[in-house]
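Chemist: Protein chains in written order, with UniProt numbering: chain S, 1 to 252; chain L, 1 to 294.
Simulated from the structure, these hints should not be mistaken for laboratory data.
Note that the structure is predicted; figures quoted are calculated from it, not measured.
Keep in mind that the hints are not guaranteed to be accurate.
Selected chain S positions facing chain L (in silico; Cβ < 8 Å) [stated by the list, open to error]:
1. Met1
2. Leu68
3. Glu89
4. Ala93
5. Val107
6. Leu117
7. Glu229
For lysine-lysine, the following DSS-like pairs were computed, each having C-alpha atoms within a straight-line distance of at most 27 Å [as the list claims (entries may be wrong)]:
8. S:Lys9 to L:Lys186
9. S:Lys123 to S:Lys147
10. L:Lys162 to L:Lys186
11. L:Lys144 to L:Lys33
12. S:Lys147 to L:Lys162
13. S:Lys123 to L:Lys162
14. S:Lys123 to L:Lys258
15. S:Lys147 to L:Lys288
Glycine included, each C-beta is placed from N, C-alpha and C at the ideal position.
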Amino acid sequence: MKTAHPTRKPPSTALGAPLLEVHDLAVAYGGIRALKRVSLEVRCGEIVAMIGANGAGKTTTLKTIMRLLPIAAGRISYDGQDLAGVATEEVVARGVSLVPEGRAIFVNLTVRENLELGAWNHKDQRTIQETLEDVVKLFPRLGERMKQEGGTLSGGEQQMLAIGRALMARPAMLLLDEPSLGIAPRLVADIFEAVALVAASGTTILLVEQNTRLALKYSTRAYVLRTGEIAMSGSSKELANNEEIRAAYLGG
Amino acid sequence: MMEILSALITGIAQGSMIALIALGYTMVYGILKLINFAHSEVFMMGAFIGLFAITALGGTQAPLLAGVGGTLCAMAFAGVLGVVVERVAYAPLRGRGRGLSNTRITPLVTALGMSVLLQNLAQLLFTARYRNYPQLLPIEHTRKVIFVTAVLVMIGLELFVKRTWMGKAMRAISMNAEAARLMGVKTSRVIAITFVTGSMLAALGAVLFCLDQSPVYPTAGVVIGTRAFVAAVIGGIGNITGAMLGGLLIGVIGELTKLTPYSGLQDVLVFAALIAVLLVRPTGLLGKPGTEKV
Chain S
1 MKTAHPTRKP PSTALGAPLL EVHDLAVAYG GIRALKRVSL EVRCGEIVAM
51 IGANGAGKTT TLKTIMRLLP IAAGRISYDG QDLAGVATEE VVARGVSLVP
101 EGRAIFVNLT VRENLELGAW NHKDQRTIQE TLEDVVKLFP RLGERMKQEG
151 GTLSGGEQQM LAIGRALMAR PAMLLLDEPS LGIAPRLVAD IFEAVALVAA
201 SGTTILLVEQ NTRLALKYST RAYVLRTGEI AMSGSSKELA NNEEIRAAYL
251 GG
Chain L
1 MMEILSALIT GIAQGSMIAL IALGYTMVYG ILKLINFAHS EVFMMGAFIG
51 LFAITALGGT QAPLLAGVGG TLCAMAFAGV LGVVVERVAY APLRGRGRGL
101 SNTRITPLVT ALGMSVLLQN LAQLLFTARY RNYPQLLPIE HTRKVIFVTA
151 VLVMIGLELF VKRTWMGKAM RAISMNAEAA RLMGVKTSRV IAITFVTGSM
201 LAALGAVLFC LDQSPVYPTA GVVIGTRAFV AAVIGGIGNI TGAMLGGLLI
251 GVIGELTKLT PYSGLQDVLV FAALIAVLLV RPTGLLGKPG TEKV
């Protein structure tokens, strides 16, 4: 699939060098300290997974990277540039897209309109057409449903739409929040295979996932988040064989 | 029979004007879930500016220039006023106190305050005197102009909302503002454009309304604003087509009432229609239930 953005230059970060860096990040909202101290990096071209129990702060981390939540302390930088004081729309324009938890598709817009809105940051008709074709190749089910309202799709199809919509922006980096949540098991595999294809075409991926087995299978490295802190990190293979991880997250 | 027919025609003209104002309520509600009580005062201010501009441009001496030029002046002024109200009164409250229970009440009270402020400002600037527009056209022609203008504007607005990037962004924000931001949509700009559009339509409605033999005075917005608000709710607040439908319904009800000995009951019947519709369809005629997550 094609990934070049019509106007934005590709990241200046070299393949294998850190594209996204989160340093000692702390986040508080509604009086709760959701993140205490999170440091992680995602290198250009990697698939990195973030795993951990409910409420560990995974979604908070992603939302803060997208600048939907304020930073209490610490630093986030993308492609060598600090994201403090950068608006969400600008983060998207710089090449980072989030597929949010619960999919957040526009329920009363058609599938096509949902996808078109994903291209808001370039609005380039040729790129839109090319990406639409790529997205339909990736998720053939969406091709049959172009004129349907987003709200009429099944959970799995909505997830495909949410991923497709994010790809329409031609992001250099894709953040995925729980793509397997509430989805029929046979569609989960399809979705992860598609994510692997997207990564293979050169998009860097940070994947948040409660399904630890899947997350470790599809990622190269992983971070374990526990109550707002990074508890462990390493290559996904190592973590999959780690006793503690097996006991806590892989059911022994 | 002829009486009923002519009442229907007048009613449709009246209704399409009410619909123009109702669109402003419904668009803002659709996007911000805020009832912009100051909208009726934008309407009133638009009517004043329209009157001054029409007089300045020659009034009955040059009816075409005065009519078109005056309307455009009123719309431009109202557009600016609408966005000023948004930036001064509503924008500073957005995003604050996220997660608190009163996040919807605060802007609502501010909207009421803005409405009172503008009414009093008009009183101070223009005095409470009733003023009439000059008769630019014979009255039966005025009604045709009103009807045709309103229909054209509604078709234009429908196309704008359905076909353009900006229109799609408006609909997307009304469904899920956070997701719209994640697409890269600058929501504050879209909100500003929504206020500009709604306010300009209100000013257009105001000039048409006053050309149809209604006087303008500082509280002129209250009566017509209430009817327009009811029209928006009857149609399903947040729904543009619904606002048009609601406006027409209220206009026709109003004119038909005048044929009976109970013409004073117009507003009573308007509210009775509101209650009847809401009893049967709590989300209004075209409102979709359950699309709004709280």
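Chemist: Decide, hint by hint, whether the structure agrees.
Modeler: Verification of the supplied hints:
no., hint, in the structure
1, Met1, "violated, 19 Å"
2, Leu68, "holds, 6 Å"
3, Glu89, "holds, 5 Å"
4, Ala93, "holds, 6 Å"
5, Val107, "holds, 6 Å"
6, Leu117, "holds, 5 Å"
7, Glu229, "violated, 23 Å"
8, S:Lys9 to L:Lys186, "holds, 21 Å"
9, S:Lys123 to S:Lys147, "holds, 20 Å"
10, L:Lys162 to L:Lys186, "holds, 19 Å"
11, L:Lys144 to L:Lys33, "violated, 34 Å"
12, S:Lys147 to L:Lys162, "holds, 14 Å"
13, S:Lys123 to L:Lys162, "holds, 16 Å"
14, S:Lys123 to L:Lys258, "violated, 52 Å"
15, S:Lys147 to L:Lys288, "holds, 19 Å"
The structure shown violates the earlier hints numbered 1, 7, 11, 14.
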